[in-house]
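Chemist: Listed below are the residues making up each chain.
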Amino acid sequence: MKLVIAIIQPYKLEDVKQELYAANVNLITVSEVLGHGRQVGVDEFYRGVKETGNLLRKVQVEIAVNEDFVEPTIKAIIKGARTGKIGDGKIFVLDLPRCIRIRTGEEGSKAIG
Amino acid sequence: MGTTPPVAINSGDTAWVLVSSALVLLMTAPGLALFYGGMVRRKNILSVLMQCFMCLAIVSVLWVVYGYSIAFGKGSGITEPYIGGLQWFMLKGVDAFSPNTDYAATIPHQAYMIFQMMFAVITPALVIGSFAERVKFSAWVWFTVLWLTFVYCPVAHMVWASDGLAGHQWGALDFAGGTVVHMNAGIAGLATALFLGKRVGTDKQGMHNVPYVMIGASLLWFGWFGFNAGSAVAANGLATSAFVVTNTATAAAAISWAVCEWIFTGKPTMVGAASGAVAGLVAITPASGFVNVGGSLWIGFLVSVICYGMVAFVKPKLGYDDTLDAFGVHFCGGLWGALATGLFAVKAINSNGSGVFDGNPGQFMIQVKACALTAVFSFVVTWIICFAIDKTIGMRAAAEDEVIGLDLSQHHERAYTILD
Chain E
1 MKLVIAIIQP
11 YKLEDVKQEL
21 YAANVNLITV
31 SEVLGHGRQV
41 GVDEFYRGVK
51 ETGNLLRKVQ
61 VEIAVNEDFV
71 EPTIKAIIKG
81 ARTGKIGDGK
91 IFVLDLPRCI
101 RIRTGEEGSK
111 AIG
Chain Z
1 MGTTPPVAIN
11 SGDTAWVLVS
21 SALVLLMTAP
31 GLALFYGGMV
41 RRKNILSVLM
51 QCFMCLAIVS
61 VLWVVYGYSI
71 AFGKGSGITE
81 PYIGGLQWFM
91 LKGVDAFSPN
101 TDYAATIPHQ
111 AYMIFQMMFA
121 VITPALVIGS
131 FAERVKFSAW
141 VWFTVLWLTF
151 VYCPVAHMVW
161 ASDGLAGHQW
171 GALDFAGGTV
181 VHMNAGIAGL
191 ATALFLGKRV
201 GTDKQGMHNV
211 PYVMIGASLL
221 WFGWFGFNAG
231 SAVAANGLAT
241 SAFVVTNTAT
251 AAAAISWAVC
261 EWIFTGKPTM
271 VGAASGAVAG
281 LVAITPASGF
291 VNVGGSLWIG
301 FLVSVICYGM
311 VAFVKPKLGY
321 DDTLDAFGVH
331 FCGGLWGALA
341 TGLFAVKAIN
351 SNGSGVFDGN
361 PGQFMIQVKA
371 CALTAVFSFV
381 VTWIICFAID
391 KTIGMRAAAE
401 DEVIGLDLSQ
411 HHERAYTILD
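So the sequences go chain by chain: E and Z. Numbering (my numbering) for the first sequence: 1 to 113. Numbering (my numbering) for the second sequence: 1 to 420.
Don't read these hints as lab results, they were simulated from the structure. Take these hints with a grain of salt, some might be off.
[Said to hold, decoys possible] Partner residues are not named here, just some residues of chain Z that face chain E (Cβ under 10 Å, in silico):
1. Arg41
2. Arg42
3. Leu194
4. Gly197
5. Lys198
6. Val200
7. Glu400
8. Ile404
9. Ser409
10. Thr417
Predicted, not measured: the structure shown is a model, and the values here were computed from it. Glycine is no exception: its CB is placed at the ideal position from the N, C-alpha and C atoms.
Could you build the full structure based on these sequences and the hints that come with them?
Modeler: Here you go:
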């Protein structure tokens, strides 16, 4: 089992969701996050005073998948989120040792789907 | 400039027109600003607030310098029916102590001027609804200056000036600005939306704060009493009648929009009820000084059906990106209101106008003519202005600026934080 974490542009969330559904990946968790990679944010002014390096709004998508679905999930996220410009985001893939479904107590790959 | 006012000035009328001017100011900022601001994505709210607020500032200055003169001053030669002259440049001859009997015999000329200023302020602000979320601020400043000068002032002259084409020569009825303000802004909005194309990333409204939408719509409703009842330019029975029909049509339209949603999507929404109220206000505007309560109910109930149809069914079909439906609500609502004035106007309310149901079938065609004139003129000139700005400084924000949001990219500011 793997946990796929993707940080993407907020306005690309809809496209990513559609690509994931098309790849038959239906279980996702989405949160709003702040951050920047090589974009280094955008300057802001408050009453004429410059503040640099501000954090930009991003969306973080988390998906727990069985091994078979790792590559399709990554491909779907890239297809949905890619514009070719700085700021498109990153995908992290982590090992996922355990997964438990609260309702039934099922564990492992059964519980994920 | 006498220190003792001439006897002709009525203190009650003057007080009402000055208060009405302040009420109409409230419609733009914060009324319209919040109504529109709540409907955009949160990365763009400051850009909308800023445009509405600066519209108030920019037009206020232009209006006293030359705007009032070319809109309401007497024209000369062959352009007389279309545009006024510069004789009132810097308000020269627009007296604060005596009236201008062509427009309002019982209030100071400057009171009439400032009342009209607030109409000139809100009209370019209404257009913002169509191009919100994708225009550069610098381009917007130029757009507002040029649009006021070459679209608003000529249209106001044609419909309202004492020597204008549609109002004075044809006899078109427009009590408070259904054609001059709402149809004019709405069709200009459509021109800008078509010219600019769709926004990056969405073609839906990114409604980020529905409570703002409700507060904005309520402030518009409140301020609109100044807009419509104030257009009697006197504190009298006509103002009272306009006040009553304005409230009635608005209430009817809020109900019927909610009912439309209930029927077609299963649930009535706050944004729907607010949009319905605004559509009702738009539609009753040209009719408010001519119709009775019965007429206002018809105008109100039907306007939401028309505008809901435009926004929910026609817009998605045609695929233009009218961000906040300035065209769908203000043009279509204004058009219905202007035509309905030709149907429901009754002599018993205002001796200046009677419609089809009052035995004057000719009025309807005059209304059609005035609407067509406004629509064609406004659309064409707006398109030319967009073209000129686009060829010189560029109209649209850069794609990455649009993605980051206009608040940060145009103003280096943001409205909300996630972290302190």
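Chemist: Is the hint on Gly197 (chain Z) kept, meaning its closest Cβ partner in chain E is under 10 Å away?
Modeler: 16 Å, violated
Chemist: Is the hint on Val200 (chain Z) kept, meaning its closest Cβ partner in chain E is under 10 Å away?
Modeler: 7 Å, holds
Chemist: How about Lys198 (chain Z): closest beta carbon in chain E under 10 Å, or not?
Modeler: 13 Å, violated
Chemist: Minimum Cβ distance from Arg41 (chain Z) to chain E below 10 Å?
Modeler: 9 Å, holds
Chemist: Under the criterion of a CB-CB separation shorter than 10 Å, is Leu194 (chain Z) in contact with chain E as hinted?
Modeler: 23 Å, violated
Chemist: Is the interface hint for Thr417 (chain Z) satisfied, with its Cβ closer than 10 Å to some Cβ of chain E?
Modeler: 9 Å, holds
Chemist: Mind checking the CB of Ser409 (chain Z) against every CB in chain E and telling me if the closest is under 10 Å?
Modeler: Holds: closest Cβ of chain E sits about 7 Å from Ser409 (chain Z), inside 10 Å.
Chemist: Can the hint on Arg42 (chain Z) be confirmed by a CB-to-CB distance to chain E that is less than 10 Å?
Modeler: Check passed: Cβ of Arg42 (chain Z) comes within 9 Å of chain E, closer than 10 Å.
Chemist: For the hint on Glu400 (chain Z), just tell me whether its beta-carbon gets within less than 10 Å of chain E.
Modeler: 7 Å, holds
Chemist: Under the criterion of a CB-CB separation shorter than 10 Å, is Ile404 (chain Z) in contact with chain E as hinted?
Modeler: Ile404 (chain Z) check passes; min Cβ-Cβ to chain E is 6 Å, inside 10 Å.
In the structure shown, a violation is registered for the earlier hints numbered 3, 4, 5, in ascending order.
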